[in-house]
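Colleague: Produce the entire structure from the sequences given, and follow the hints as far as they go.
Number of protein chains: 2
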Amino acid sequence: MTDLVPLLAGAVAGERRALARLLTAIEGGADGVRELIPSLFAASRGAHLVGITGPPGSGKSTLVNALATVWRRRGRRVGILAVDPSSPFTGGAIMGDRIRMMEHAGDLDVFVRSMASRGELGGLAGTTWIAAAVLDAAGYDPVVVETVGAGQSEVEIARLAETTVVVEVPEMGDEVQAIKAGLLEVADVIVVNKGDRPGAELAARQLRAMLSSVGGRITRQPPAILTTTALDGAGVDALADAIDAHRAAARAPDQAMQRARNQLRRAAAEIGVRAATAHPEWEELVEAVAERRVDPVTAAERLVGLRS
Amino acid sequence: MTDLVPLLAGAVAGERRALARLLTAIEGGADGVRELIPSLFAASRGAHLVGITGPPGSGKSTLVNALATVWRRRGRRVGILAVDPSSPFTGGAIMGDRIRMMEHAGDLDVFVRSMASRGELGGLAGTTWIAAAVLDAAGYDPVVVETVGAGQSEVEIARLAETTVVVEVPEMGDEVQAIKAGLLEVADVIVVNKGDRPGAELAARQLRAMLSSVGGRITRQPPAILTTTALDGAGVDALADAIDAHRAAARAPDQAMQRARNQLRRAAAEIGVRAATAHPEWEELVEAVAERRVDPVTAAERLVGLRS
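Residue numbers (the working numbering), protein chains in the order written: chain C, 1132 to 1439; chain D, 1132 to 1439.
Source of the hints: derived by calculation from the structure; they are not laboratory data. Where a beta carbon is used, it is the ideal one built from N, C-alpha and C, also for glycine. Incorrect hints may have been included.
Residues of chain C clear of chain D, computed beta-carbon distances all greater than 12 angstroms [to be verified]:
id, residue
1, Arg1152
2, Ala1236
3, Asp1368
On the chain D side, residues computed to face chain C include the following (Cβ under 7 angstroms) [said to hold, decoys possible]:
id, residue
4, Ile1168
5, Ala1376
6, Met1388
7, Gln1394
8, Ile1402
9, Gly1403
10, Val1404
11, Val1417
12, Ala1431
13, Arg1433
14, Val1435
Negatives, chain D to chain C, calculated, CB over 10 angstroms [said to hold, decoys possible]:
id, residue
15, Val1143
16, Gly1163
17, Pro1169
18, Ser1175
19, Arg1205
20, Arg1208
21, Gly1237
22, Gly1270
23, Arg1336
24, Ser1343
25, Gln1352
26, Arg1397
27, Ala1430
Modeller: Structure follows, in structure tokens:
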């Protein structure tokens, strides 16, 4: 068993190798991760936690790269966790670091890590957020969590990030329009990327119209809507401004309470699963459910320790 | 409180109104849903549970519609749950039944219901699967769960459905290619839809090549790869054949055990969340986490009742 405490101390002291090893241990679900959490929590430097998401092909990675350039110019140290579509069988991230962030490869103040999204309890299960806390403790700020998705994973991000950026592309069909409408309610900042394509301004106007039609249902500040062209950097400075400006709003007490609720729900779900799978009757009850001798809910209650 | 037992009896007896009311109660999280589960489980008629998923714009709904036509011709009664991108604030499904399945509107042996995917514990949280069990008890077979997504929601389907169909479209970028590679490992049947477009046969060949490259990592039967054109019905008979043929493989003991494990994990997660949110100290600990006086994992352990 790797002792994680010295790795955390190393990461906090700025050692990239310790940081990388700690993230590997966390991603692999090493023993000792649970015990590390209070120290990790205590080591937080209060980094701004930013989620960036959007449908496949919206150019999120290029945009995150361009944002990192802007933030570096502003003297920020940027941590990036790219949650990749993962293989549920091998558990590994598919895209990997190889195609990411080549531009910042020599810059020690940009740290990029690809993480595999695990299927067990939703796309951004605990490990990603523990990894984000590690980057915070290591002095990166902002810490960006980038995910691909169309629906749930965006909602997950919004529930746990302080500022959620949703990246859209101009041209899209009806189904995507419906998804967009859902995202309007979780986005703090909306970016229409590939602004050089015909239709970008139209798309931004449509989003503003949608937004005003759902306005009454949104209880917080309406999202900013911006247009960028990640490839040449147009609009990216304004996007960094909008993200930075949202930090204060995200830390208002009601927003912090809402985030805490979501963090607690997610942690409680993971505790339930751990309790069930560690129970001595786990395999026995799996078999009983597989053979339809008991329903899954009754069996799970017994495993978690309720109605025992 | 609506008494759900008579509604279940009515649904089993073929009353559509009782069925619709029961599904509404389940979707709304009515009191009594938990108590209904053992009866529901006992009322199962063993319907084939089929998950159909794919990226936005892949034509899943049209394809499900075309499949329903084929199954009806074969004398099957078809139940369809369309899990729509939902509004996390209003909780409602966005697309609704309005644009779905107009073709089968007068057919009492096709039952279609849109469900909102809830964000709390992942896209296909318990309610969808309870609703699928209701359609099974009401005599529909197959019961199809259709979702949109690109990543997690597909994995979720695969974990709970007996047969998972992944719908692809020919033209797509790198990021989507990576997602596809991940899906190859969860799909039982892969459909390249919009087969009339240039590139459909090429896409099917690429998928077969990808599949042979990951073949060693897949422990079960490799997925069938088919081409369809949902709009004119080409290939849809063969797709229905492939789905029907997979039923026996899906019910082999090892597959049933794997599904049971996933059902139990999901149920355990939901039990954890319910235990936490019902705890008298819930709000107090939400506040403590929001004010960073305690880390979320330690707080959640206290709420769920471990390390108390």
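Colleague: Work down the list of hints and note, for each, if the structure agrees.
Modeller: Here is what the structure says about each hint:
1. Arg1152: Its Cβ never comes within 12 angstroms of chain D, the nearest being 21 angstroms, so this holds.
2. Ala1236: Label holds. Min Cβ-Cβ 19 angstroms, cutoff 12 angstroms.
3. Asp1368: holds (25 angstroms)
4. Ile1168: Cβ of Ile1168 of chain D sits 5 angstroms from chain C, so the hint holds.
5. Ala1376: At about 22 angstroms, which exceeds the 7 angstroms cut-off, the nearest Cβ of chain C leaves the hint on Ala1376 of chain D violated.
6. Met1388: holds (5 angstroms)
7. Gln1394: OK, holds: Gln1394 of chain D within 7 angstroms of chain C, min 4 angstroms.
8. Ile1402: It holds, given that the least Cβ distance between Ile1402 of chain D and chain C is near 5 angstroms, below 7 angstroms.
9. Gly1403: With a closest approach of 2 angstroms, the Gly1403 of chain D hint holds.
10. Val1404: holds (5 angstroms)
11. Val1417: holds (5 angstroms)
12. Ala1431: holds (3 angstroms)
13. Arg1433: Hint on Arg1433 of chain D: violated, closest Cβ of chain C at ~10 angstroms, above 7 angstroms.
14. Val1435: This hint holds: Val1435 of chain D lies near chain C, its Cβ roughly 5 angstroms from the closest one there, short of 7 angstroms.
15. Val1143: At roughly 16 angstroms from the nearest Cβ of chain C, Val1143 of chain D sits farther out than 10 angstroms, so the non-interface label holds.
16. Gly1163: Nearest chain C Cβ is 13 angstroms from Gly1163 of chain D, so the label holds.
17. Pro1169: Non-interface label on Pro1169 of chain D violated, nearest chain C Cβ at 6 angstroms vs cutoff 10 angstroms.
18. Ser1175: violated (7 angstroms)
19. Arg1205: Label holds. Min Cβ-Cβ 26 angstroms, cutoff 10 angstroms.
20. Arg1208: Non-interface label on Arg1208 of chain D holds, nearest chain C Cβ at 21 angstroms vs cutoff 10 angstroms.
21. Gly1237: The assertion about Gly1237 of chain D holds, with a minimum of 24 angstroms to chain C.
22. Gly1270: holds (18 angstroms)
23. Arg1336: Arg1336 of chain D is indeed farther than 10 angstroms from all Cβ atoms of chain C, at 20 angstroms.
24. Ser1343: The assertion about Ser1343 of chain D holds, with a minimum of 16 angstroms to chain C.
25. Gln1352: holds (14 angstroms)
26. Arg1397: violated (8 angstroms)
27. Ala1430: Not fine: 6 angstroms to the nearest Cβ puts Ala1430 of chain D too close to chain C.
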